Amino acid sequence: VQLVESGGGLVKPGGSLRLSCAASGFTFNIYAMNWVRQAPGKGLEWVSFISSSSDNIYYADSVKGRFTISRDNAKNSVYLQMNSLRAEDTAMYYCARDEAGWGQGTLVTVSS
Amino acid sequence: DIQLTQSPSTLSASVGDRVTITCRASQSISSWLAWYQQKPGKAPKLLIYKASSLESGVPSRFSGSGSGTEFTLTISSLQPDDFATYYCQQYDSYFRTFGQGTKVEMK
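For the record, the sequence lines run as chains A and B. Everything in the first sequence is counted per my numbering, starting at 1 for the first residue and increasing by one. Everything in the second sequence is counted per my numbering, starting at 1 for the first residue and increasing by one.
Just so you know, the hints here were simulated from the structure itself, not pulled from any lab data. Just so we're clear, the structure is a prediction, and the values are computed from it rather than from any experiment. Just so it is clear, CB atoms sit at the ideal spot from N, CA and C, and this is done for glycine as well. Everything hinted at is true.
One side of the interface only, derived from the structure: several residues of chain A facing chain B at Cβ under 7 Å: (1) W46; (2) F49; (3) Y58; (4) E99; (5) W102; (6) Q104; (7) G105.
The following block holds chain A by itself, in its conformation from the complex (with noise of 0.2 Å):
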């Protein structure tokens, strides 16, 4: 199992940036996906599922409104689509699929 994201960077406060994680080395459209995400010195927290049809899509709290997820199976791909960036959402935003590792990640920096 191989996760690869990109797609991080700086951005202003109301700012909005991409996510995507390039999937590998398994039967990608048979798998749910998950964003999860760690603010600097903090532990981990979930913040959207996918199913591997996109039937069902669930969001935390905390971006719910604010984050789209998605994906793509013909090009082995989930994205996560962040408008209205606040600075409580700096984080290394990771791809994770359960009972299977995680790709190293991508930091998202919001600040003026």
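Please arrange chain B on chain A, whose structure you already have, making use of the hints.
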């Protein structure tokens, strides 16, 4: 949401010690629990899934047990590479949750 409570928050131990970390769920999660190890600046590493299944490549000194609402991670003989922070995670609910973490430090 399902709450996971880990204890202790910090554990001081020596090389060779037997170490046990507990994770309690606010409601039954059957065996849908994973344990991760994280070192500073690194991504979490899966150790145990389905409460007691050892991830491939993980040393056999790590073991997991439990079901329902009470789970434990045991390191049978602590090694220098094991000083890290450990997290439990439930995946019974679509709304995944993590424990707050247990830092294993050198005594």
